[in-house]
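Just so you know, the sequences run in chain order B and R.
Numbering of the first sequence is given in this note's numbering, commencing with residue 1 and proceeding in unit increments.
Numbering of the second sequence is given in this note's numbering, commencing with residue 1 and proceeding in unit increments.
Calculated from the structure, these hints are not laboratory results.
Check before you lean on any hint, since a few could be wrong.
Cut-off 25 Å, straight-line C-alpha distance, at most; resulting in silico cross-link-like pairs (DSS-like, lysine-lysine) [claimed, not checked]:
1) R:K210 / B:K263
2) B:K16 / R:K134
3) R:K12 / B:K260
4) B:K83 / R:K15
5) B:K260 / R:K69
6) B:K5 / R:K15
7) B:K263 / R:K69
8) B:K16 / R:K128
Some residues of chain B that are not near chain R, with every Cβ distance over 10 Å (derived) [as the list claims (entries may be wrong)]:
9) S2
10) A9
11) W35
12) L37
13) V90
14) V92
15) A93
16) I122
17) F128
18) V129
19) F182
20) T195
21) L235
Glycine residues also receive a C-beta, built at the ideal position from the N, C-alpha and C atoms.
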Amino acid sequence: MSELKGIYALWYRETKVFLRERSRVISSIINPLLWLLIIGGGLGSAVSFGGVNYQTFIYPGVLIQTALFSSVFFGVYIVWDKKVDFMKEVLVAPMRRTSIFVGKILGGSTDTLLQILILFAIGFIFTFVGIMPGLHLTVSSIAISLAFLLMTTIGLVSIGLILGSQMESPEGFQLIISFLVFPLFFLSGSLFPITNLPNWLAPFIFMNPVTYAVDGIRTILIGEQEKVIIGAIQLSPMLDFMIVTLFSIIMIGIGTYAFKKMKL
Amino acid sequence: MPIIETKKLTKKFEKMIAVDTLNLQINEGEIFGLLGPNGAGKTTTLLMLVTLKPPTSGTAIINGFDIIKQPDKVRKSIGIVFQDPSSDEILTGYENLKLHGWLYDMPSDLREERIKEVLDLVELTDRKDDRVKKYSGGMRRRLELARGLMHHPKILFLDEPTLGLDPQSREHIWKYIERLAKEKNMTIIITTHYMEEADKLCDRLAIIDKGRIVVLGAPKQLKKDLGGDIIRLKAIALDVDALKKLSYIKDISSCEGEVCLTLEDASSHLQEILNVVGKIESVEIRSPTLDDVFLHYTGRAMREGTPEGSWAEKMMHASEKT
Chain B
1 MSELKGIYAL WYRETKVFLR ERSRVISSII NPLLWLLIIG GGLGSAVSFG
51 GVNYQTFIYP GVLIQTALFS SVFFGVYIVW DKKVDFMKEV LVAPMRRTSI
101 FVGKILGGST DTLLQILILF AIGFIFTFVG IMPGLHLTVS SIAISLAFLL
151 MTTIGLVSIG LILGSQMESP EGFQLIISFL VFPLFFLSGS LFPITNLPNW
201 LAPFIFMNPV TYAVDGIRTI LIGEQEKVII GAIQLSPMLD FMIVTLFSII
251 MIGIGTYAFK KMKL
Chain R
1 MPIIETKKLT KKFEKMIAVD TLNLQINEGE IFGLLGPNGA GKTTTLLMLV
51 TLKPPTSGTA IINGFDIIKQ PDKVRKSIGI VFQDPSSDEI LTGYENLKLH
101 GWLYDMPSDL REERIKEVLD LVELTDRKDD RVKKYSGGMR RRLELARGLM
151 HHPKILFLDE PTLGLDPQSR EHIWKYIERL AKEKNMTIII TTHYMEEADK
201 LCDRLAIIDK GRIVVLGAPK QLKKDLGGDI IRLKAIALDV DALKKLSYIK
251 DISSCEGEVC LTLEDASSHL QEILNVVGKI ESVEIRSPTL DDVFLHYTGR
301 AMREGTPEGS WAEKMMHASE KT
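With the rest of the complex left out, here is chain R (with noise of 0.2 Å):
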């Protein structure tokens, strides 16, 4: 039995629906992954399942608790760390941590043991006692993470956790966040549209866009499904049809000015391909990505808009949302 399953779960705003009838099911354990672009409908599907936002139809059953019926026994089982900043400013680091855990009822033993853990791992162990207010943004966000994870919930949602960390920080919040998952046996429900995390972390994922799920499954199996490694080159002059007959080429799409190439082992069809392609400025091969999934699947590339959002650019989205 899936200890999360969304059933039909919908939410339509004024003009347009941010989650579309979505039917999701995932298991105890796992790491799995929403990804998309901003504005795809990740954020409003962790808010409803996290008992915060009240869906337009549909419901989801969590822990074996219905998230429109039983708000409060769902809210006993998960965590969650949130994509805007949510400390109290006057209080220092620690303080807010400490709040965290009465809200949560930890025992104060144990409590003081996870902040001292938890404020390690974020590397905030020395500014401790200052106020949240003199903490920089990437200070923030990682006193946000730590307070998520403090209490080790058995479901932990993560909104775009590393978002504007620097890559040190964000490879040790994986490991910490993989450790959780195998040793606690804890089910981790991620979203973020940085595909290099999604990629590294995620057990299953599902790639999202305009509210509907695009394409499900594990992100080593959906690179497979595009159907082995892709060349893309620059020819002088381009005879698409002699590239045609070649029959172990799968695919054949122009990208940004240049073609693409799907096809199983490229390297050992490599010469025969630039045989028929004549003369070209520029060839690479490489593995697929999950941007190549995702632009396999909708059409178009994933990074549009503002990946690397800024702060003030996400807290401008996150205040249009609400």
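Next comes chain B alone, as it looks inside the complex (with noise of 0.2 Å):
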């Protein structure tokens, strides 16, 4: 009961300081729509994949990287918390670490699923005004992507906790957005078909967790066009979900021990 409570009380703690923050939300409107109609529209007059045109084709790899900036950065942001030591008070009080972490996971989790949420409201009106033919919005496919979307978010975060809780000051933000969260990005199919990668770059595309996610919320919005193929075998949303699940269990467990370790 009291562990619940201080879940409650982290989880309370980061949604409203996430809708407070209007910076925050701002630009996670602005960005997705940046890609969307920029790169999408530059880069759409001239290629198009899968029989639909190139906006429509990035629409998941901009939900996911929605979900892949918000997430990493939110864990990473408990560096912040310990300057400026709240995480003091959190970690004095009488919680198992393992609760703060779950209270920060569900935290960071709602952040993020609120501007997904956004974005979807986004790719029904550009579906309507004729921007985006060929994405299928329906209540189900939105659903089953929420749900890919919060498994990816929950391994996402975990990642950026773990780095979070071993770094002493926020000097390393640019490391983490150079050497971690662009390559998952750009390394995710996101932006192009992985069939017929050059053999150098495949290895990296299919260890990325990020991949799976984008091809299964792709599979559902889009359709069976440019699936992920390894051997002969290809990929159905069922396996990709497994696959996000399995990364975020994994991360959780890495996580949860790093918690436990961490030093102020």
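Reconstruct the complex from the two isolated chains, following the hints.
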């Protein structure tokens, strides 16, 4: 009971802070719009994949990108907590470290999912006005996509928390963008189909858990085109989901451990 | 059986020993002070006791639980007010207190009652719905205090509780702390470099310097042990040897260009002393303070550096330590 209340307290704090920091909310809307309109529009005048226009093609990727950036940064944000000492207040409370970890994951996932919901609204509008034809936004397709995004987000928040718990100051932020967030995004098939990849690139993409999230969501929202094929096996969304789930479970495991060992 | 017992508690940093084989016993229901200059190791000791910093060696038993082996159980028995602000700036004062109530699993009616009580105490009731970002330094400090006092733990740690507060709010806080100790039989450990605070509040205190206990005892006893009153005088031409012949003078020392004499019942001996000293520029009789105790045992004045350190200095100090 007490652990649940503590988890709720952490979730409450994260959600309140997110909603009050308008700059975070606004940038979470503007950034994907830039991708869809400028990259999507610009490149889309020259290329198209999988029988749909380029904007439609990258829409699942943009969803994932939002989840990726917001959840990893959410996790790393605890470095800041440690600096202004709110972390001390939480760490000294009679709560298990595991519960603190869970509270943080729930808070981060909520932030991310709120942003994703806004993106779905944008998706509806763009489909309606004809910018993104071929996007199947239905109640069930959105629900399944949300399940994918939630599972991915949990794993990614965990990565952020693992890094944040080990970092001593926010100076390492830039490194995390360069060496983790961008590679995970670019190597996920968000922006291009991953059939017929050059041999040196393929292993990186297949090792990236985000790839399977993109693949799953794209299959659901667009269709079977340009799917991930490993050997001769085409991955079903079910299999994609299992891979993403496995990734998240592993990250939660490592994260719980990292939190227990966290130094102030 | 003491409620807190440290056993050779030690914390080493790369170049220095912050806390050096500390052996302390603190009894239930007492207000115990750790008094010392900045950097003496008070805060580090506290952070180890509340399980936020692992000791390099040694350990402590708090409420029957080992801080290294049973940190979860230790945390259930304690509360702490940190020296540095640890409230969330984006939340309001009230929300910060509510979060605290949740984190400490307080029933909701008790929580609301206590929130009201502590907000009144620190005079923040009319600002409770403002974001902490808009609070002044002193207001933040008071909010921290309110939060730490809210859940009435068995053992309460206060790290420089009244730092940067005006005298009036300081009085209020002291009274509340005394009441908590008395009515709830709460054990309170307080670090401070305010002599007055230590003197007024603490049942017993340990003077700490360079990570070690210099002396430990009740403030009254410590002052009494110095041996009576202090006469401080400035003479035109002082004959120390003549003074030394007066057997009732226990100690003669120079303090900042003047002479300090320690003796009992100073006022009745004053005339005789003045006769020996001859012409004087100034003379002062006073009872010893904890300052004198510190000076006596360490050979240094306590108020070196920045006793009344500003917020900025405090923050820098704290971030250096962590």
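Against which earlier hints does the structure fall short, listed by number upward? 6, 9, 10, 13, 14, 15
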